[in-house]
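So the chains spell out like this:
Number of protein chains: 4
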Amino acid sequence: MSEAPKKLEAADIQAMFDRSPFIGFLGLKVLGLDHAASTFSARMPLRPELERRAGTKQFHGGPVASFIDTVGDFAIGMLVGGGVPTINLRIDYLRPSVGDYIDATAVVRRAGKSTAVVDIDVFGPDGKLVAVGRGTYSPQTA
Amino acid sequence: MSEAPKKLEAADIQAMFDRSPFIGFLGLKVLGLDHAASTFSARMPLRPELERRAGTKQFHGGPVASFIDTVGDFAIGMLVGGGVPTINLRIDYLRPSVGDYIDATAVVRRAGKSTAVVDIDVFGPDGKLVAVGRGTYSPQTA
Amino acid sequence: MSEAPKKLEAADIQAMFDRSPFIGFLGLKVLGLDHAASTFSARMPLRPELERRAGTKQFHGGPVASFIDTVGDFAIGMLVGGGVPTINLRIDYLRPSVGDYIDATAVVRRAGKSTAVVDIDVFGPDGKLVAVGRGTYSPQTA
Amino acid sequence: MSEAPKKLEAADIQAMFDRSPFIGFLGLKVLGLDHAASTFSARMPLRPELERRAGTKQFHGGPVASFIDTVGDFAIGMLVGGGVPTINLRIDYLRPSVGDYIDATAVVRRAGKSTAVVDIDVFGPDGKLVAVGRGTYSPQTA
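Residue numbers (our numbering), protein chains in the order written: chain A, 298 to 439; chain B, 298 to 439; chain C, 298 to 439; chain D, 298 to 439.
Some hints could be false.
For identical chains, the list gives no copy identity; a pair is met inside one copy or between any two copies.
Said to hold, decoys possible - Calculated pairs, DSS-like style, for lysine-lysine (alpha carbon to alpha carbon, straight line, at most 30 Å):
#1 K410 / K425
#2 K354 / K410
#3 K354 / K425
Honestly, the hints are just simulated from the structure, not real lab data.
Just need the whole structure built from these sequences, with the hints factored in.
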């Protein structure tokens, strides 16, 4: 008999973020989640190593993609008890990501048995949309 | 009258990599390039901050995506004199990326006036394909 | 001196649909549009040639992709006076598309000078989301 | 005890193509396949309903996407005995597809237990690359 997976709360995910070497390095902070609406949001503060060019406060696209992947992942992961494998990920860069932080919100569009599709929007400190992501994840219990 | 852009050699790109805060952090090393064939390759060594879980030698998907984006970018960038904006990017994760380094090779599939499409393959130390990327870039002179 | 492009109304687009051999074959019907909100929606009725297997009322994925592309295209096209080139297109199939018709709604996420990004959601007759698309278009005046 | 799926030969796939209402309408012709190399190729002849504008001999992007999806699908399908569900698909349009036919070749990049990734290249009658596709399929026995 299989047990229902433990749903994760914000503090659980923050602890997982802090424990992961790469996510910890990015310094992601959980902003909120809603299990019923299948939404999850987090913030990525700027640190000098994340800049595209030194002193510009513009995030390199790599950390933006990493942020999108992780926020999308935990929109599913919070339902199944941990991070899940990413099958594939699409990123569209809409504007330069400039500022002291960027925020992302993920919403699950479809959670199937073997695959799940998640949309992720990323906003700058001025509230403007800077990038969008769409990921397919493998929602097996972590 | 517009001047032809300066084509970049391996040492030029390595200097640009080292100067970029994020690419420098990733520690990317240029492996080779071929202007005529429009191919470019590089290596990303493992460092502890890039791991998915501490001590596993498995790269987190974020650095893999960042690596793919950067190698694809410079397959165009080497022709136009510097890094170019990424319009969008698709990453497919095929196997866990485990080892002391991963290598990527990019090939330009089509270089149009306003957009260029590049394929990027990523291999583990054992030569197995671990991820593939396809990116659309804006190939204006940097 | 360049002239502002003529914005298209529903009847203009319907006439363009009917004139295009392939879109006319698909039989697309304009449902509505909102220039200010940058949204456009249309319906694709089932016809026997569009089925995956005869008699199942399930649309083949090809017409679904074609429908997504066209509806996304005219969410930009209605602002610039005609159909625009698709740079690339991503389709996620979430559920079988079964029924006498499917509906799609497109929303422009970002309209830049040289590229525009559009999201397209497709719904079955029961209102369930059956597929999602995201396209990058070249929004030059048609 | 589960049985190994029946591998499909060219004639088997052609019969399946002809039986499918939509693929039959497109008129796809199998060109060749290689089970060991995991490659599959086919041709799509022009017919008036597939044109973007009447009389131009330019294929609409929708049939090109449909062709890519189908050829990618059977690169996996030939190994497992029939068409398989498409999870998602990316299409990049590189040049207008003009002529009496277009050809596509698919190669499996990775066939996992629950997902497979396939690359599809499309060529015009002059041998120029006109579009590329990358799809993720669900390779369960059909």
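Hints and how they fare:
Taking identical chains as interchangeable, the C-alpha atoms of K410 and K425 lie at most 30 Å apart only when they sit on different chains, with a minimum of 17 Å there against 34 Å within one chain. In this homomeric assembly, K354 and K410 come within 30 Å of each other (Cα to Cα) only across copies, at 24 Å, whereas the closest approach inside a single copy is 41 Å. In this assembly of identical chains, the alpha carbons of K354 and K425 lie at most 30 Å apart only when taken from the same copy (16 Å versus 37 Å across copies).
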